[in-house]
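S.K.: Listed in order, the protein sequences are those of chains A and B. Position in the first sequence (from 1) plus 12 gives the number in our numbering. Position in the second sequence (from 1) plus 61 gives the number in our numbering.
Derived from the structure by calculation, the hints contain no laboratory data. On a predicted model such as this, the values are computed, not experimentally measured, just so you know. Ideal Cβ placement from N, Cα and C applies to all residues, glycine included. Among these hints, one or two may not hold up.
[As the list claims (entries may be wrong)] Dumping the calculated PhoX-like pairs for lysine-lysine here, alpha-carbon to alpha-carbon at most 25 Å:
{"no.": "1", "chain 1": "A", "residue 1": "Lys121", "chain 2": "A", "residue 2": "Lys99"}
{"no.": "2", "chain 1": "B", "residue 1": "Lys126", "chain 2": "A", "residue 2": "Lys137"}
{"no.": "3", "chain 1": "A", "residue 1": "Lys371", "chain 2": "B", "residue 2": "Lys127"}
{"no.": "4", "chain 1": "B", "residue 1": "Lys126", "chain 2": "A", "residue 2": "Lys371"}
{"no.": "5", "chain 1": "A", "residue 1": "Lys120", "chain 2": "B", "residue 2": "Lys110"}
{"no.": "6", "chain 1": "B", "residue 1": "Lys110", "chain 2": "A", "residue 2": "Lys73"}
{"no.": "7", "chain 1": "A", "residue 1": "Lys278", "chain 2": "A", "residue 2": "Lys371"}
{"no.": "8", "chain 1": "B", "residue 1": "Lys134", "chain 2": "B", "residue 2": "Lys85"}
{"no.": "9", "chain 1": "A", "residue 1": "Lys307", "chain 2": "A", "residue 2": "Lys399"}
{"no.": "10", "chain 1": "A", "residue 1": "Lys239", "chain 2": "B", "residue 2": "Lys85"}
{"no.": "11", "chain 1": "A", "residue 1": "Lys73", "chain 2": "A", "residue 2": "Lys120"}
{"no.": "12", "chain 1": "A", "residue 1": "Lys99", "chain 2": "B", "residue 2": "Lys110"}
{"no.": "13", "chain 1": "A", "residue 1": "Lys121", "chain 2": "B", "residue 2": "Lys126"}
{"no.": "14", "chain 1": "A", "residue 1": "Lys239", "chain 2": "B", "residue 2": "Lys127"}
{"no.": "15", "chain 1": "A", "residue 1": "Lys307", "chain 2": "A", "residue 2": "Lys199"}
{"no.": "16", "chain 1": "B", "residue 1": "Lys110", "chain 2": "A", "residue 2": "Lys366"}
{"no.": "17", "chain 1": "B", "residue 1": "Lys126", "chain 2": "A", "residue 2": "Lys239"}
{"no.": "18", "chain 1": "A", "residue 1": "Lys366", "chain 2": "B", "residue 2": "Lys127"}
{"no.": "19", "chain 1": "B", "residue 1": "Lys210", "chain 2": "A", "residue 2": "Lys366"}
{"no.": "20", "chain 1": "B", "residue 1": "Lys134", "chain 2": "A", "residue 2": "Lys371"}
{"no.": "21", "chain 1": "B", "residue 1": "Lys134", "chain 2": "A", "residue 2": "Lys239"}
{"no.": "22", "chain 1": "A", "residue 1": "Lys371", "chain 2": "B", "residue 2": "Lys210"}
[Said to hold, decoys possible] Computed beta-carbon distance windows for the label pairs:
{"no.": "23", "chain 1": "B", "residue 1": "Asp166", "chain 2": "A", "residue 2": "Lys359", "range": "38 to 48 Å"}
{"no.": "24", "chain 1": "B", "residue 1": "Leu90", "chain 2": "A", "residue 2": "Ile390", "range": "24 to 34 Å"}
{"no.": "25", "chain 1": "B", "residue 1": "Lys126", "chain 2": "A", "residue 2": "Gly284", "range": "22 to 32 Å"}
{"no.": "26", "chain 1": "B", "residue 1": "Lys126", "chain 2": "A", "residue 2": "Thr114", "range": "36 to 46 Å"}
{"no.": "27", "chain 1": "A", "residue 1": "Asp177", "chain 2": "B", "residue 2": "Glu192", "range": "43 to 53 Å"}
{"no.": "28", "chain 1": "B", "residue 1": "Glu185", "chain 2": "A", "residue 2": "Glu30", "range": "34 to 44 Å"}
{"no.": "29", "chain 1": "B", "residue 1": "Thr106", "chain 2": "A", "residue 2": "Glu461", "range": "34 to 44 Å"}
{"no.": "30", "chain 1": "A", "residue 1": "Gly284", "chain 2": "B", "residue 2": "Asp82", "range": "36 to 46 Å"}
{"no.": "31", "chain 1": "B", "residue 1": "Ser173", "chain 2": "A", "residue 2": "Glu169", "range": "36 to 46 Å"}
{"no.": "32", "chain 1": "A", "residue 1": "Lys359", "chain 2": "B", "residue 2": "Asp214", "range": "26 to 36 Å"}
{"no.": "33", "chain 1": "A", "residue 1": "Glu26", "chain 2": "B", "residue 2": "Glu185", "range": "29 to 39 Å"}
{"no.": "34", "chain 1": "A", "residue 1": "Thr114", "chain 2": "B", "residue 2": "Glu192", "range": "14 to 24 Å"}
{"no.": "35", "chain 1": "B", "residue 1": "Gly162", "chain 2": "A", "residue 2": "Pro163", "range": "47 to 57 Å"}
{"no.": "36", "chain 1": "A", "residue 1": "Ile390", "chain 2": "B", "residue 2": "Ser173", "range": "46 to 56 Å"}
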Amino acid sequence: MKVKSRFDRTFDRELLQEIKEKLDQGLLPQWLQTDPDIYELEVKHIFSRTWQFLGHESELKQPGDYVTRWMVNDPVLLVKTNSGEIKAFLNSCTHRGTHLCTADFGNKKTFTCPFHGWSFNLDGKLIGIVAGNKVYGEAMDKEEWSLRPIPRVEVYEGLIFGNLDPQAMPLQEYLGGLKWYWDIFLKRSDGGMEVRGMPQRWIVNTNWKCTLENFGGDPYHVPSVHKSTVEMGISPSDPLYSSYGHQVVLEHGHCVNVNVASPGAKQTPYQGLPEEMWPMFERNLTKEQLEIFYKTTVIVGSCFPNLSFHCPIHGSEGHLHNYLTLRVWRPLGPEKIEIWSWFLIDKAAPEELKENAYKGYISSFGPSGTLEMDDTEIWARVVQASKGTMARDRHLSYNNLYNYMMGMGKVEPDTSWPGPGTAYPTCYVDFAFRGIHKYWLELLSQGVE
Amino acid sequence: MNAELQYEISRFYYQEAYLLDSRKFEEWLELLTDDIRYRMPMRITRENKDGSNILEDMSYFEESKKSLTTRVKRLRTTSAWAEDPAPRTRHLVTNIVIEDGSTEDSLVVRSSFLFLRSRAGDSEMEQLCGERLDVLRKVNNQWKIAARKIIPDQAVLGVMNLSMFL
Ligand code: FES
Ligand SMILES: [Fe+2]
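Sequences are here, hints too, so could you generate the full structure?
M.R.: Following this line, the structure appears as structure tokens:
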């Protein structure tokens with residue numbers, strides 16, 4: 013007789029189907045966060061097939077400029093070639109696989125491997141072999157030993173993405189309706205956004221889905237996790253203050269929350285950006301985008317699987333400024349992530365605003381941000397409490413299912429919303445979460461027998 | 062530099078560490094001049110030929126006395142979760158060197174720090190180490206910190222957040 017304990021139940025189609033049925037009821041197993049088997053499946057079937065953010069074009073200005081990045085465990089070398097093209101290679105020597113370039117960024121004409129001295133040019137071509145003819149003879153065809161390109165690299169409005177699947181759908185198609193919302197900050201000003209410095213990086217003991225969800229569809233956490241700012245008089249005391257606006261569910265697990273000011277509160281047009289910039293916005297955006305942008309206080313959301321974006325008005329000392337932060341939640345295991353946080357601001361913004369926005373970012377987000385530091389604490393607490401026997405029981409029951417029901421059967425989509433996606437007229441709903449997990453399940457199901 | 066001054070300055074840093082580790086943040090603020098510049102640039106990984114691996118352009122802290130005071134006030138709310146329950150911290154300060162360029166009323170001081178933090182029931186300590194470059198100024202016959210630059214040794218910080226002062 014085959015007896016299977018409820019903990020070793022295999023992760024098969026049947027189980028996935030059960031999870032799907034629960035998700036349709038607004039329930040999700042707590043162990044999705046931390047289960048090591050699931051993590052393996054995610055690396056294999058999600059991160060190997062979806063578009064991952066690598067960097068912003070403004071990080072690579074001159075030919076030879078490079079930055080090094082990661083796609084989970086694949087080291088990536090992102091280079092600007094002599095013709096101005098951006099290329100991405102596996103940052104690993106084709107001879108014996110040495111991590112080729114270990115600096116965060118720099119400028120080079122050739123990448124020389126420290127192990128046996130092979131060197132590659134900006135196009136990834138092998139151009140030098142130490143004692144080449146003497147050891148490999150004439151027959152060695154250098155062309156065959158170029159750096160291995162990341163199978164797909166595509167750019168959207170300055171955002172560079174890579175995909176490990178040569179068969180993946182085009183980036184534009186993958187992003188779908190998300191582009192319309194991104195354009196509100198990526199396209200609003202001439203020259204788009206630019207990165208300042210380098211991304212901040214730090215380690216948090218949590219799961220990548222937890223952070224993806226947090227930015228993707230959780231304005232409901234704001235009044236409690238960030239209550240300290242309410243106590244300080246920086247945020248309004250109305251517990252609904254971050255609910256005003258729309259939560260939009262998009263294809264491929266993407267989601268956006270477009271927040272507006274509380275009813276009756278003073279309007280800050282165009283996220284407080286100076287009036288001299290307004291004509292530019294009017295020129296660069298469509299009528300519908302402009303209408304939404306005018307009222308917006310915060311645009312925050314996630315691009316499946318591990319990029320989030322946050323374009324708020326924040327800061328300290330009563331001086332609130334708009335900025336953009338991009339996030340990569342790089343998984344380092346089921347319970348650990350490396351956060352990459354970029355600060356961006358409009359290239360065309362006045363210098364003073366750039367400086368103030370930068371200070372606003374440091375004080376509110378990033379590892380020392382008075383808002384973000386409380387987020388990291390809570391994210392760690394989620395994982396900490398989701399590893400136990402009760403939470404891990406693979407027979408789905410009250411003991412291990414948690415609540416994704418907000419808004420279900422109560423809140424109907426707003427059909428007058430001018431943007432793409434399914435828009436709900438409040439951000440205190442779990443539609444975005446369910447969208448994330450629906451796509452997550454879809455990808456995982458394709459990889460499970 | 063004379064031994065007495067070295068002793069005095071070491072005492073100053075030990076007292077500062079004591080205030081921070083005992084969560085006497087308001088008293089710590091009193092050690093700072095009103096015009097303090099408190100910064101923590103990023104450490105990055107660069108090839109040696111490319112020069113400095115400290116990135117001044119992007120930082121973890123970019124603070125004034127006012128913004129530090131705001132941070133302390135926030136820690137005193139009932140909902141600064143990163144510090145409630147309060148983590149146990151230990152600031153170890155060593156290698157205190159009074160640099161050239163110091164005068165009777167103004168000292169340039171370099172020190173190393175090791176910051177350790179124990180959070181809730183975690184048995185593992187979070188840690189951060191690096192260097193501090195301070196300018197100490199004598200105000201009403203008392204040393205105060207007029208500038209501090211904190212340089213972490215890690216390019217990827219091994220701490221969950223920077224809810225502490227360094
Ligand atoms: S591993 Fe790179 S040259 Fe041998
Ligand atoms: Fe948050």
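S.K.: Indicate, hint by hint, whether the structure satisfies it.
M.R.: Hint by hint, here is what the structure shows:
{"no.": "1", "hint": "A:Lys121 to A:Lys99", "verdict": "14 Å, holds"}
{"no.": "2", "hint": "B:Lys126 to A:Lys137", "verdict": "53 Å, violated"}
{"no.": "3", "hint": "A:Lys371 to B:Lys127", "verdict": "13 Å, holds"}
{"no.": "4", "hint": "B:Lys126 to A:Lys371", "verdict": "14 Å, holds"}
{"no.": "5", "hint": "A:Lys120 to B:Lys110", "verdict": "11 Å, holds"}
{"no.": "6", "hint": "B:Lys110 to A:Lys73", "verdict": "20 Å, holds"}
{"no.": "7", "hint": "A:Lys278 to A:Lys371", "verdict": "24 Å, holds"}
{"no.": "8", "hint": "B:Lys134 to B:Lys85", "verdict": "12 Å, holds"}
{"no.": "9", "hint": "A:Lys307 to A:Lys399", "verdict": "42 Å, violated"}
{"no.": "10", "hint": "A:Lys239 to B:Lys85", "verdict": "22 Å, holds"}
{"no.": "11", "hint": "A:Lys73 to A:Lys120", "verdict": "13 Å, holds"}
{"no.": "12", "hint": "A:Lys99 to B:Lys110", "verdict": "24 Å, holds"}
{"no.": "13", "hint": "A:Lys121 to B:Lys126", "verdict": "45 Å, violated"}
{"no.": "14", "hint": "A:Lys239 to B:Lys127", "verdict": "21 Å, holds"}
{"no.": "15", "hint": "A:Lys307 to A:Lys199", "verdict": "17 Å, holds"}
{"no.": "16", "hint": "B:Lys110 to A:Lys366", "verdict": "30 Å, violated"}
{"no.": "17", "hint": "B:Lys126 to A:Lys239", "verdict": "23 Å, holds"}
{"no.": "18", "hint": "A:Lys366 to B:Lys127", "verdict": "20 Å, holds"}
{"no.": "19", "hint": "B:Lys210 to A:Lys366", "verdict": "22 Å, holds"}
{"no.": "20", "hint": "B:Lys134 to A:Lys371", "verdict": "18 Å, holds"}
{"no.": "21", "hint": "B:Lys134 to A:Lys239", "verdict": "13 Å, holds"}
{"no.": "22", "hint": "A:Lys371 to B:Lys210", "verdict": "16 Å, holds"}
{"no.": "23", "hint": "B:Asp166 to A:Lys359: 38 to 48 Å", "verdict": "44 Å, holds"}
{"no.": "24", "hint": "B:Leu90 to A:Ile390: 24 to 34 Å", "verdict": "27 Å, holds"}
{"no.": "25", "hint": "B:Lys126 to A:Gly284: 22 to 32 Å", "verdict": "25 Å, holds"}
{"no.": "26", "hint": "B:Lys126 to A:Thr114: 36 to 46 Å", "verdict": "39 Å, holds"}
{"no.": "27", "hint": "A:Asp177 to B:Glu192: 43 to 53 Å", "verdict": "44 Å, holds"}
{"no.": "28", "hint": "B:Glu185 to A:Glu30: 34 to 44 Å", "verdict": "35 Å, holds"}
{"no.": "29", "hint": "B:Thr106 to A:Glu461: 34 to 44 Å", "verdict": "42 Å, holds"}
{"no.": "30", "hint": "A:Gly284 to B:Asp82: 36 to 46 Å", "verdict": "39 Å, holds"}
{"no.": "31", "hint": "B:Ser173 to A:Glu169: 36 to 46 Å", "verdict": "44 Å, holds"}
{"no.": "32", "hint": "A:Lys359 to B:Asp214: 26 to 36 Å", "verdict": "33 Å, holds"}
{"no.": "33", "hint": "A:Glu26 to B:Glu185: 29 to 39 Å", "verdict": "38 Å, holds"}
{"no.": "34", "hint": "A:Thr114 to B:Glu192: 14 to 24 Å", "verdict": "22 Å, holds"}
{"no.": "35", "hint": "B:Gly162 to A:Pro163: 47 to 57 Å", "verdict": "55 Å, holds"}
{"no.": "36", "hint": "A:Ile390 to B:Ser173: 46 to 56 Å", "verdict": "32 Å, violated"}
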